[in-house]
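*Asks:* In case you want the letters, here they are:
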Amino acid sequence: MVTKVNYPLTAGDKALTEDSPARVSPTLALLAGWLVPGAGHLLLGKWVRAGLLMVSILGMFAIGIALQGKVYTPNTGEPLDMLGFAGDLGSGLLYGLARLLGWGQAPVLVAVADYGTKFIVVAGLLNIVAAVDAHSLASGRKRS
Amino acid sequence: MSISHFGAVLLFSLFTSVVFGITQRAEPRMMVRFGAFCFALFAGGTVAASWVMWLIKH
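Residue numbers (this note's numbering), protein chains in the order written: chain W, 1 to 144; chain H, 1 to 58.
Certain hints may be false.
Said to hold, decoys possible - The following label-pair restraints were derived from C-beta to C-beta distances:
1. T73/W with F37/H: 35 to 41 Å
2. R143/W with S4/H: 20 to 26 Å
3. L83/W with S2/H: 41 to 47 Å
4. L83/W with E27/H: 31 to 37 Å
5. V108/W with I56/H: 36 to 42 Å
6. H5/H with R23/W: 20 to 26 Å
7. T73/W with P28/H: 25 to 31 Å
8. L28/W with I3/H: 33 to 39 Å
Unchecked claim - The calculated lysine to aspartate or glutamate pairs, modelled on EDC-like cross-linking and capped at a C-alpha distance of 20 Å, are:
9. K118/W with E27/H
10. K142/W with E27/H
11. K142/W with D81/W
12. K118/W with E78/W
To be verified - Facing chain H, from chain W, some residues (calculated, C-beta under 7 Å):
13. L35
14. G51
15. M54
16. M60
17. N75
18. R99
19. V108
20. Y115
21. V129
22. G140
23. R141
Calculated from the structure, these hints are not laboratory results. Virtual Cβ for every residue (Gly too), placed ideally from N, Cα, C.
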């Protein structure tokens, strides 16, 4: 039995029924994209974009770690550290992995290590941008 | 890992431009164009800022 719905559809509803061929929930795309770089686009069937995003964000994060950049921890009391932590957290599971394995805990002593710290923070911020893009694609706010 | 300062600039510009290109434009051709534009701005801006700093110092 088919029930007729008598309320206006939101952009997200329309995307789920018409626009998005993959029919993925925008929230799921956002969460997946945040946890694993590129996973939001992968769920939406955007293979090439997902691969490029994954390589770029993972690459930035890995280079940052290899340069002995700092991985911020919460509750240090320093405002700039808290901002760095917010940026790092954007990497999702990568941040958890780094904390779990103790990466980026050594003190920053050379200039390139400071570059590494910035690479790690920016990787997290770019991952947030990518996850929001996956959400926009799934909700129909972005055309393709 | 050791990397030159200019190498770090190029890598940063490359990865950031790829993400900006994909996320800020809808059509593939425009993505490539915008990505290339961002890369040129990042790398060119850094070189220009370096020369400005050199001029200030001298």
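*Asks:* Decide, hint by hint, whether the structure agrees.
*Replies:* Here's how the hints hold up against the structure:
1. T73/W with F37/H: 35 to 41 Å: holds, 37 Å
2. R143/W with S4/H: 20 to 26 Å: violated, 41 Å
3. L83/W with S2/H: 41 to 47 Å: violated, 28 Å
4. L83/W with E27/H: 31 to 37 Å: holds, 34 Å
5. V108/W with I56/H: 36 to 42 Å: Because 26 Å falls outside the window, the suggested range is violated.
6. H5/H with R23/W: 20 to 26 Å: violated, 47 Å
7. T73/W with P28/H: 25 to 31 Å: With Cβ atoms ~40 Å apart, the hint is violated.
8. L28/W with I3/H: 33 to 39 Å: Holds, at about 37 Å.
9. K118/W with E27/H: Violated. K118/W to E27/H sits at ~30 Å, over the 20 Å cutoff.
10. K142/W with E27/H: holds, 11 Å
11. K142/W with D81/W: Not OK: K142/W and D81/W at ~34 Å, beyond 20 Å, violated.
12. K118/W with E78/W: Since the Cα atoms of K118/W and E78/W sit roughly 17 Å apart, the hinted pair holds (cutoff 20 Å).
13. L35: violated, 17 Å
14. G51: With a minimum Cβ separation of about 10 Å from chain H (threshold 7 Å), the hint on G51/W is violated.
15. M54: M54/W check fails; min Cβ-Cβ to chain H is 11 Å, beyond 7 Å.
16. M60: holds, 5 Å
17. N75: violated, 29 Å
18. R99: violated, 20 Å
19. V108: Violated - the Cβ of V108/W stays beyond 7 Å from chain H, reaching only about 14 Å at its closest.
20. Y115: Result: holds, 5 Å to nearest chain H Cβ.
21. V129: holds, 5 Å
22. G140: Violated - the Cβ of G140/W stays beyond 7 Å from chain H, reaching only about 12 Å at its closest.
23. R141: It is violated, given that the least Cβ distance between R141/W and chain H is near 11 Å, above 7 Å.
The structure does not agree with the numbered hints 2, 3, 5, 6, 7, 9, 11, 13, 14, 15, 17, 18, 19, 22 and 23 stated previously, though it agrees with the rest.
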